[in-house]
Each structure stands twice: as C-alpha cells, then as structure tokens.
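Enquirer: Listed below are the residues making up each chain.
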Amino acid sequence: MPARRLREALLTALLLTIPFLVLGANLKEPHRINPVDRFLLRVSVPVQSLASRAASFVSEGLEEHVYHVEVVRENRQLQARLAYLESEAQRHNAAVAENERLRALLGLRERIVAPSVGATVIAKDLFSGFFRVARIRLDRGSADRVSPDMAVVSPEGLVGRVRRVFDRYCDVLLTVDRLSGVDVVVERTGARAVVWGTDEASRYVMEAQMLDDSDALLPGDLVHTSGLGLQFPAGILVGRVARVLERRPGDRQRVEVTPSVNFGALEEVLILTDGARAGGP
Amino acid sequence: MQEALQIFRLFLLQLAVSAGGVFVDVGFLRPQLFVPFAAYFGANSDLPYSRGLIAVFVLGYLTDLFSGNPLGLSTFVAVGVFVAVRVTGLRLGPREGLAHYLIIFLLTATALLVGRGLRMLFEQRDPVSFPLELGEPVRDWLRLLGFRARVSLLTHFLLIAAVTSMATTLFAPLVYFVCMRRPPAKGGAPA
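As you go down the protein sequences, you meet chains A and B in turn. If you count by this note's numbering, then the first sequence holds residues 51 to 331, one letter each, in order. If you count by this note's numbering, then the second sequence holds residues 2 to 192, one letter each, in order.
None of these hints come from the bench; they were simulated from the model. Just so it is clear, CB atoms sit at the ideal spot from N, CA and C, and this is done for glycine as well. Treat the hints with caution; some may be incorrect.
Label pairs and their computed distance ranges (CB to CB) [as the list claims (entries may be wrong)]:
#: 1; chain 1: A; residue 1: L135; chain 2: B; residue 2: A5; range: 51 to 59 Å
#: 2; chain 1: A; residue 1: Q127; chain 2: B; residue 2: S46; range: 49 to 57 Å
#: 3; chain 1: B; residue 1: G90; chain 2: A; residue 2: G111; range: 38 to 46 Å
#: 4; chain 1: B; residue 1: V115; chain 2: A; residue 2: Q129; range: 48 to 56 Å
#: 5; chain 1: B; residue 1: F9; chain 2: A; residue 2: A139; range: 49 to 57 Å
A few chain A residues that don't get close to chain B, going by computed Cβ distances all over 10 Å [to be verified]:
#: 6; residue: H118
#: 7; residue: R126
#: 8; residue: Y134
#: 9; residue: A144
#: 10; residue: V167
#: 11; residue: K174
#: 12; residue: A184
#: 13; residue: R187
#: 14; residue: S197
#: 15; residue: R218
#: 16; residue: G240
#: 17; residue: D271
#: 18; residue: G277
#: 19; residue: L278
#: 20; residue: R298
#: 21; residue: R302
Far from chain A by the CB rule (all over 12 Å, computed), these chain B residues [claimed, not checked]:
#: 22; residue: E4
#: 23; residue: R10
#: 24; residue: L14
#: 25; residue: T111
#: 26; residue: L159
#: 27; residue: L160
In isolation and in its complexed conformation, chain A is listed as follows (with noise of 0.2 Å):
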C-alpha cells in the first residue's frame, strides 16, 4: 500500500512538474530561457505545430460552416425580397389590365351614348365539372336603379340581360343559356336572325336560325343586335358564325354561333338602364 501512495505521489508530482515547467518555457522573454527550457520547447514545438494545424483545420471548417449559415441565410432573404417583388410586380401587370379593361369600358360608354351604370362581376355560378360560367352576378341592385331584362354589354360585345334583381346585386342571364334569344342581323349580308342559348355545359357556344337561306351565312360572319324587341339596343356585337350546321334549299337554315365575349375572363359591364332606347356602338 505505501509504494502504491508512492507511486501515485510521484506521478502527481510528475505530471504537475511537467507542464510547470512547459508553461515556464512558453512563456519566459527569450532572454531568460536556460536550457532545460530550450529542451522542452524543442520537443513541445513539433507536437504543437500538429496540433496547430489540425486545430486551423476545424476552425476553417467551421468558419465554412458558418459562411456557409450565413449564405444560406441571405439566400433566404433575397427569396423573401423576390417574392414580394413579383407579388408587386403582379399586382402592378392587374393594376394595368385593370386599367385598359375600364378605358375599354368608358369607350364603350361613350360609344354607346346611353344612361349605364358600370357594375363589377361579384360572383360566378360554374357548370359542374367544367370551368364554364353558367351565371354571373353583378354588384348593382334596385337600389342603383336596375330592373329586370336591362341589357348587359361588355366592351366585347353583349352579356346578356338582368335577369333577377336585388337590393345591392343582380343576376345576369347570359346569351349562352338555354332560356336567352336575341333578335340579330348578320352584318355581311344583313339578314335577320334569332340566336338562341344553348346551354351546353362544355363550351360556350349559341344557335342562330334563320327563316329562309337567301342569304346563306358563311363561318366568320359577325352578329349583332337588331334592335328590335325592345330588349337590347342595335348594333352591339353578339358573337361569330363558327360552322353550318343545316341549311335545306327553300327552307330555314341553322348556324353554330360563338360568342364574342369571354364570360371566364369578364370582371367589369354596363347595365344599359335604358334598354332598346339606347343607341347603339
């Protein structure tokens, strides 16, 4: 028992010694460095330059690391800042379709000459599993002194008409629906015709037909309103000829009309609340 006490003695006594001692030669002005010193710095100094290097090699890795923190950081910043500059940038390209729809709107007015009041699409009634418009709601009422069958008309062409009336919105029956017919005139050759909605729930897409083929209609032939039947002013532009589908010699003939407005992408109309009175584009 008393060796091992010596043992343990020795080797405390050792092992403070030593780095007593280390220290002392590390730290000494180089004046006062004796020989026993010199020693121990020469064996201290290859074992400190490994260190040395190795110690450099994590701290670069982790000052990689960090640069690294850092760019991922900024990178998330400049993603924010990009996206609030396209969000802007976005906002600004509706700002200016906002802006060419009303100047087209306020041509329209003017070319129409006629009491409107402009009314915003507040609401649209899609077909069940297709993205067609089946219905849409203006954010005008009686109160704005809208009635029932006044005319709507885009600077397309024509909407429809008033359908249901409320206090501060209506419904608007579109040209496209099974239950509208409006009185045309074929603008190439000007013969009349009524065109009918069709409902389909695929396209947009209405059915004029003609009482005689006298004048035969071709694909590309323009529609407008006649003016007649007291519900819509003439001369606005109702849609285009896209195929024959009958035509019998001496007898009636049908043709596929398309409309000239876009109801998916339609956000400001007229309501025309002077019905056929006004006069026409």
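Starting from the known structure of chain A, fit chain B onto it as the hints suggest.
Expert: The following block gives chain B in isolation, referenced to the frame of chain A:
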C-alpha cells in the same frame, strides 16, 4: 478507452459551446469545461487514481493545444483540480444540489486565478496590465450600466473570473450528463 471516449465527448461539447458563443457574439465568455470535467474525474472514486490523473493530464494538454492557451497552463490546472478534489474527497454531481454548483464555481474561479498567477510569475509583467486583454468588454458593459466611476483593472479581472466561473457552473450539469453518464448495464439484475 472509456476515458478517451469521455474526453472526445467533452471536446465535441466544447466545440459546440464555442460555436454557439461565436453565433451569439459573446466569444469572450468562454466556459472552461475542462475544469468540471477534471473535478468529476477526481470525485469518481471508482476510477483508479493513476488512470484518472493521466486522463486529465491528456485532457489538459489537448485543451492547451486547441484553445490557444500557453502550452502547459490548462494541463497544470486540470491536474491540480483532479488532485485537489481527490485528496479532499469532495462529492460532486448535480444530485448534490447547491453545494455542487458552489464547488464548481469556486474551483473554476480558483483555477482562473492560479492560471493568471502562473502567467504573472513567468511573464513578469506589470500586475495591473494583464486583465486589459479580457477587461475591455466588461468595462464597456459597466459603462452601459451606468458605472461612471473608474474601476481598477484588477476588479475587471475579478469580474471576468466571476462571469467565466458562472458560465462554467451553468454548463457543468451538461458536462456531467454528456461526458460522465454511463450507459445502462447490459442484462437484467441478478435474481
């Protein structure tokens, strides 16, 4: 082998703490994690004296190599802490309650003072000039807190020692759990 693994864990912990200090920009507050580590080794009566002594010697030497301290400083302090705890038979560990934290605080403060004393002994510098390198941040803090009076440089050092000891004490339980905790024994208890 067990001691080598524990030393390796301590180095990882020290690295994580240092990196955390860099991130939150309090790099001058360096918890001296090797002090509680050496103390826990000293308090572990199951560990043979010679093995523990050699282990803390290696730990101190590695700390010197990687910390930028003058070679031998941490080695001397680590061996000193181990011997002091073993000879006095102190019981350490978070379960010992407030006394444990107090002992770690006092050991760290003493180790810092001894280290500073050794530097003064060998460098033979003006005794009041040594805390300048570490004292500046504390002096700035004191000014920010409204202490307009001139505070002596020795007070600066004592403040630094107190703050560093406090930081070390706060990290001591982490050192204990990361480095000293042993994995549960395999197999069930004997019938």
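Enquirer: Taking the hints in turn, state whether each one holds.
Expert: Do the hints match the structure? See the list:
Distance hint check: the CB atoms of A/L135 and B/A5 are about 55 Å apart, consistent with the given range 51 to 59 Å. Between A/Q127 and B/S46 the beta carbon distance is about 55 Å. The supplied range of 49 to 57 Å therefore holds. Roughly 42 Å separates the CB atoms of B/G90 and A/G111, a value that falls within the hinted 38 to 46 Å. The hinted window of 48 to 56 Å between B/V115 and A/Q129 holds, with their beta carbons roughly 52 Å apart.
Range check, B/F9 to A/A139: Cβ separation about 54 Å, and the 49 to 57 Å hint holds. Distance to chain B confirms A/H118 as a non-interface residue, since its nearest Cβ pair spans about 13 Å, more than 10 Å. With 10 Å as the threshold on Cβ separation, the claim that A/R126 sits away from chain B holds: the shortest Cβ distance comes to roughly 16 Å. Once the 10 Å rule is applied to beta carbons, A/Y134 is consistent with being away from chain B; the minimum gap is 27 Å.
For A/A144, the non-interface assignment is confirmed: its Cβ lies about 42 Å from the closest Cβ of chain B, beyond the 10 Å cut-off. The beta carbon of A/V167 sits about 63 Å from the closest Cβ of chain B, which is more than 10 Å, so the claim that it is off the interface holds. Against chain B, the non-interface label of A/K174 holds: every CB pair exceeds 10 Å, the least being about 53 Å. The non-interface label for A/A184 is consistent with chain B: the shortest C-beta to C-beta separation is roughly 59 Å, beyond 10 Å.
The Cβ of A/R187 lies farther than 10 Å from every Cβ of chain B, with a closest approach of about 56 Å, so its non-interface assignment holds. Here A/S197 stays apart from chain B, with its beta-carbon at least about 70 Å from theirs, past the 10 Å limit. With a cut of 10 Å on Cβ distances, A/R218 stays outside the contact zone with chain B, its closest approach being about 58 Å. No beta-carbon of chain B comes within 10 Å of the beta-carbon of A/G240; the shortest separation is about 83 Å.
At roughly 75 Å, the least C-beta separation between A/D271 and chain B is larger than 10 Å, which holds for a residue marked as non-interface. At roughly 78 Å from the closest C-beta of chain B, the C-beta of A/G277 stays outside 10 Å, upholding its exclusion from the interface. With a cut of 10 Å on Cβ distances, A/L278 stays outside the contact zone with chain B, its closest approach being about 81 Å. With a least beta-carbon separation of about 87 Å from chain B, A/R298 lies farther than 10 Å from that chain, consistent with its non-interface assignment.
Every beta carbon of chain B lies more than 10 Å from that of A/R302, the smallest distance being close to 84 Å; the non-interface claim holds. With a cut of 12 Å on Cβ distances, B/E4 stays outside the contact zone with chain A, its closest approach being about 15 Å. No Cβ of chain A approaches the Cβ of B/R10 within 12 Å, the least distance being about 16 Å, so the stated non-interface status holds. Every CB of chain A lies more than 12 Å from the CB of B/L14, the least distance being 14 Å, so the non-interface label holds.
With a cut of 12 Å on Cβ distances, B/T111 stays outside the contact zone with chain A, its closest approach being about 15 Å. With a minimum CB-CB distance of about 22 Å to chain A, B/L159 clears the 12 Å threshold, and the non-interface call stands. Even its closest Cβ contact with chain A, about 24 Å, leaves B/L160 beyond 12 Å, as expected for a residue assigned away from the interface.
Of the numbered hints stated above, none is contradicted by the structure.
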